[in-house]
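Q: Chains as they are written, first to last, in numbering that gives the first Met the number 0: chain E, 0 to 378; chain B, 0 to 333; chain F, 0 to 337.
Keep in mind that the hints were calculated from the coordinates and are not lab data. Treat the hints with care, since some could be wrong.
Said to hold, decoys possible - One-sided excerpt, in silico: chain F residues whose CB lies under 8 angstroms from chain B: (1) Gln163; (2) Ser165; (3) Ser269.
Said to hold, decoys possible - Over the 12 angstroms line for every Cβ pair with chain F, so calculated as not near, a few chain B residues: (4) Asp83; (5) Lys97; (6) Ala189; (7) His218; (8) Pro309.
Beta carbons: idealized from backbone N, C-alpha and C, even for Gly.
Listed below are the residues making up each chain.
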Amino acid sequence: MRAPSIASDATVSDVQVTAAEERIAVASNWQLVWWRFRKHHLALFSAGLLICLYCVVICPAFFATQDPQRTDARQAFIPVQTLHLFDGGWNPWIPATVGKRNPVTLRMEWTTDPQRKIRVSFFTRGEPYRLFGLFDANIHLLGATDPTQRIFLLGSDRLGRDQWSRIMYGTQTSMTVGLVAVTLSVIFGVVLGGISGYFGGFIDLVIQRLIELLQSVPTIPIWLALSAALPRDWTPIQVFFAITVILSLVGWTTLGREVRGRFLALREEDFVLAARLAGARRMRIILRHMVPTFLSHIIATSSLAIPVMIINETSLSFLGLGIRPPAISWGVLLQEAQNIQTLALAPWLLIPGLVVIVAVLAFNLVGDGLRDASDPYSH
Amino acid sequence: MTAPLIDVRGLRKFFPIAKGMLGRITGHVRAVDDVSFSVQEGETLGLVGESGCGKTTTARCILRAIDPTDGQVLYRTSGGKIVDLAPMSPAELAPFRKEIQMIFQDPFGSLNPRMTLFDNVGEPLLVNGMRNRRERMDRVAELLRLVGLRPEFMHRFPHAFSGGQRQRIGIARALATSPRLVVADEPVSALDVSVQAQVLNLLLELQARLRLTFLFVAHDLSVVRHICDRVAVMYVGRLVELAPTDAVFSRPRHPYTAALMRAVPVPDPRVSGADGILKGEVPSPASPPSGCYFHPRCTLAQERCQREAPALQEVTPGHFARCHFAAELDLAMR
Amino acid sequence: MTIDAEPLLRVRDLRVSFQLDEGTVRAVDGVSFDVFPRQVVGIVGESGCGKSVTMRAVLQLIDPPGRITGGEITYRQNGRPIDLARVSPRSRQMRDLRGAEVALIPQEPMAAFSPVHTVGAQIIEAIMLHERLGRGEARARTVELFRDVGISMAEQRVDAYSWQLSGGLRQRAMIAMALSCRPRLLIADEPTTAIDVTTQAQILALLRELQQKYDTAIIFITHDLGVIAQMANYVVVMYLGRVMEEGPVDEIFHAPKHPYTRALLRSIPSLQTETRAALPVIAGTLPHPFNRPPGCPFHPRCEDIRRGYCDVAVPALHALGPRRAVSCFLHSDAAEPA
């Protein structure tokens with residue numbers, strides 16, 4: 000029988016360590032999450048899409064072809080125009096639309112005239128705008144080479160406003176509302192849920208009852224009441240912030256519950272007890288040991304909450320209770336598609352709805368991907 | 000003889016049973032009920048029993064992971080002073096935390112998966128004032144070597160290690176602050192057989208080298224017999240037997256201890272384990288039976304056992320048993 | 000005990016692998032053993048040795064990404080051999096076999112019972128699924144089964160929910176459920192790991208008694224050598240998906256041939272070994288499943304390694320006698336085909 004050599008037992012067999020294993024061995028949690036996330040191709044694609052949308056959010060004016068508020072009654076209900084890139088070589092153009100009033104219905108009927116080409120170019124000068132509210136700029140991604148001519152990539156509405164440009168600005172509003180409202184919810188949720196879960200007892204009881212109360216009240220009437228209470232003379236910016244606050248006041252409860260649950264579960268974890276026994280202070284235990292453990296879950300949950308917020312904002316604005324014209328959001332744009340007649344005549348006014356669907360789907364896919372990847376230690 | 004390192008006197012921990020919406024307290028689970036024992040410096044005391052017997056609760060009361068309901072936990076400080084840990088506030092406890100450390104059962108839950116070995120093992124050092132990173136790295140390297148792991152592993156995350164290796168990491172962390180008392184809560188029961196022996200050997204060697212005192216909580220009698228100097232057997236929140244290991248295993252004085260020993264399956268097909276199997280189940284500590292808690296399952300029970308609760312009596316010097324007939328019983332093992 | 004000439008279950012060169020993102024795990028890598036009627040076969044091994052996966056393969060319960068990649072699982076149903084490895088997991092034949100002919104006692108009885116139906120209702124349903132019995136008859140049999148497994152107040156306990164029963168009673172109810180259709184083969188997957196020693200002793204005694212009474216064969220999976228010694232007639236020792244050694248229980252414990260079995264037996268503290276002395280250990284740790292060593296899976300931890308043999312080729316399971324086999328180059332030079 001061989002004499003047992005204690006100290007070296009564990010070191011004998013793990014001599015050969017491959018480079019790949021070493022890479023995994025020293026990989027932090029975030030790296031593992033990323034490695035798992037990038038295996039979800041759909042989620043990865045959606046993440047790319049969301050990055051594009053947030054580029055629009057940062058500077059919608061650059062992506063817009065013209066001023067979204069510019070009206071022209073003579074150019075109402077112009078259908079979608081197609082962008083052609085080649086005309087015997089690289090030479091982007093758009094066929095002009097010519098209108099003729101139908102003498103019987105008195106309605107404008109638009110036809111494309113492939114003979115008349117509106118020349119367009121990328122990174123062209125056009126409508127001046129302020130970048131980030133700081134710099135003056137007038138470069139646009141796409142625009143008519145002759146600035147006096149107008150192009151309608153996604154058609155125009157009943158006032159002759161360019162829908163493409165309006166969607167760009169609407170994207171800014173709606174996506175920001177979603178993000179800000181979720182950020183506020185996360186702050187409320189983490190703080191209140193954390194207090195509730197960590198301290199327990201009476202505070203927990205109060206917060207839990209508050210959550211139950213908020214969750215049991217039907218949300219739509221609450222929003223209606225709250226937004227109806229907003230003063231009519233508020234500027235669009237003020238309304239915008241009021242709406243996000245209203246959305247997050249109701250939205251934090253789910254997250255609060257989840258955070259509380261995590262805290263309750265984590266409080267019983269051995270490694271948290273180990274930190275307590277080592278003499279770590281309460282704040283250190285929360286910030287260093289507990290929060291990082293569920294941070295990835297919080298991020299996943301929040302990315303699933305953003306689309307809900309976007310839908311909420313869209314519905315509120317659609318009902319005329321959220322963001323109101325002249326401010327533009329997806330909901331405001333969809334207001335244009337409220338009656339059957341317009342829909343029959345100008346189905347392209349439903350395009351903002353499509354954008355909403357794409358954005359919400361993308362957020363959900365990314366959220367699902369993150370949720371699956373957020374616990375890299377499970378199999 | 001110097002005072003014991005830890006002297007537990009009349010320890011009680013009751014958990015309230017709350018009912019209804021208002022949380023009205025309708026009774027108590029007497030998880031630990033009047034437990035007294037002491038551990039000498041350098042000694043290993045095994046705390047044995049089945050699930051729900053209160054052994055883990057007792058250990059956690061001593062660690063002050065939970066607050067005892069009643070009783071004293073007298074601790075002899077390195078200065079020789081005797082202090083009672085039981086009523087201390089978190090602030091008063093702080094200086095003693097680093098002297099009493101714990102080894103956990105589950106090698107997967109006991110390490111923070113989001114921290115490297117360096118951060119996991121170095122955490123007790125950092126919170127106890129070792130701010131210098133270089134210094135901490137040296138100490139962590141030393142600790143990893145001590146438990147038989149290579150110091151280069153320091154920057155790896157726990158997920159790169161097997162159960163046995165993680166248990167070594169957990170031991171390194173417990174030893175980081177040079178504790179005097181280590182409470183080991185089932186430290187090998189979650190490990191594979193071939194790794195169990197390695198960890199047991201490591202604990203024995205560390206004890207010899209660092210003059211550690213162990214409170215060893217376990218349900219596996221063969222492991223307890225292997226590693227402990229003295230054994231305390233618990234049943235339904237109470238101590239039923241307390242004696243040096245050899246005495247307990249050669250001549251148990253409580254029928255429950257004997258039954259527990261017979262229940263351990265012998266790894267030898269030529270030894271039959273079919274005889275003397277305990278009937279019934281462990282009663283709930285919320286509503287224990289009358290008299291001796293063990294009487295409904297005891298084959299030797301008499302009318303008196305049902306009526307009268309026995310006291311813990313010293314049968315032979317250092318051998319305590321809570322049985323009316325402790326002195327007469329001959330429960331010698333097979 | 001008389002041993003029938005034909006085995007009830009005959010597993011030959013079974014292979015199961017899991018295709019994971021990080022690579023392929025060969026969880027079971029060429030396992031062969033026989034189970035004869037009325038015999039208790041113990042399968043013993045540490046975590047990752049493939050003992051549970053082998054049993055799930057027998058029951059065709061391997062979930063993706065796992066897959067049976069080779070081998071035969073021949074079960075004799077009324078004298079007629081069926082290769083279970085070729086039967087579709089969802090086929091009528093397999094479903095009829097599971098529960099009725101081959102039953103499983105799982106490790107965690109809490110998870111095995113639905114919390115929203117009474118324990119009795121679930122057993123009655125299982126009986127009615129496999130046999131032409133009325134509800135009344137099925138209930139009567141369930142009550143009888145409860146008595147057989149030593150549940151007192153059987154009439155009342157039949158209508159209890161699983162969460163109302165204690166751990167020991169729940170495991171007894173689980174055994175009753177497994178026996179409900181009089182299976183000829185019972186697979187017990189670590190049935191006593193989650194319960195206390197005194198209860199474990201009760202359950203083991205019960206299983207021994209029921210095995211006699213019902214005349215079933217049992218495959219007993221455990222990591223506990225003590226339990227194996229007390230329960231099994233025949234033992235299969237597994238390590239990293241391969242059979243190291245198999246043979247009658249007395250020979251495994253008193254004349255082990257494989258260095259792994261020998262080391263394993265030495266390393267367990269028992270009520271007989273010397274106290275407070277260093278235990279002989281098996282050096283090293285279990286390799287990670289992605290990192291299987293080449294050659295004999297045990298060679299990096301083996302004391303009797305033959306360099307140039309053990310680290311190069313995989314030793315084949317070599318028969319030493321009618322029911323005794325070992326896969327080690329110390330006993331035979333026979334290697335697996337590369």
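Q: Under 8 angstroms is the threshold here; is the Cβ of Ser165(F) close enough to any Cβ of chain B for the hint to stand?
A: Since the shortest Cβ distance to chain B is 6 angstroms, the answer is holds.
Q: Could you let me know if the closest chain F CB is still more than 12 angstroms away from the CB of Lys97(B)?
A: 27 angstroms, holds
Q: Looking at Asp83(B) again, its CB stays over 12 angstroms from all of chain F?
A: Holds: least Cβ distance 31 angstroms, greater than 12 angstroms.
Q: Taking the least C-beta to C-beta distance, is Gln163(F) closer than 8 angstroms to chain B?
A: 13 angstroms, violated
Q: Can Ser269(F) be said to touch chain B, with a Cβ gap under 8 angstroms?
A: Holds, because the Cβ-Cβ distance from Ser269(F) to chain B comes to roughly 5 angstroms (cut-off 8 angstroms).
Q: Confirm or reject the statement that His218(B) sits farther than 12 angstroms, beta carbon to beta carbon, from all of chain F.
A: 7 angstroms, violated
Q: Would Pro309(B) pass as off the interface with chain F, using Cβ distances and a cut of 12 angstroms?
A: 20 angstroms, holds
Q: Report holds if the minimum CB distance from Ala189(B) to chain F is greater than 12 angstroms, and violated otherwise.
A: 10 angstroms, violated
Consistency with the previously given hints fails for numbers 1, 6 and 7, ordered from lowest to highest.
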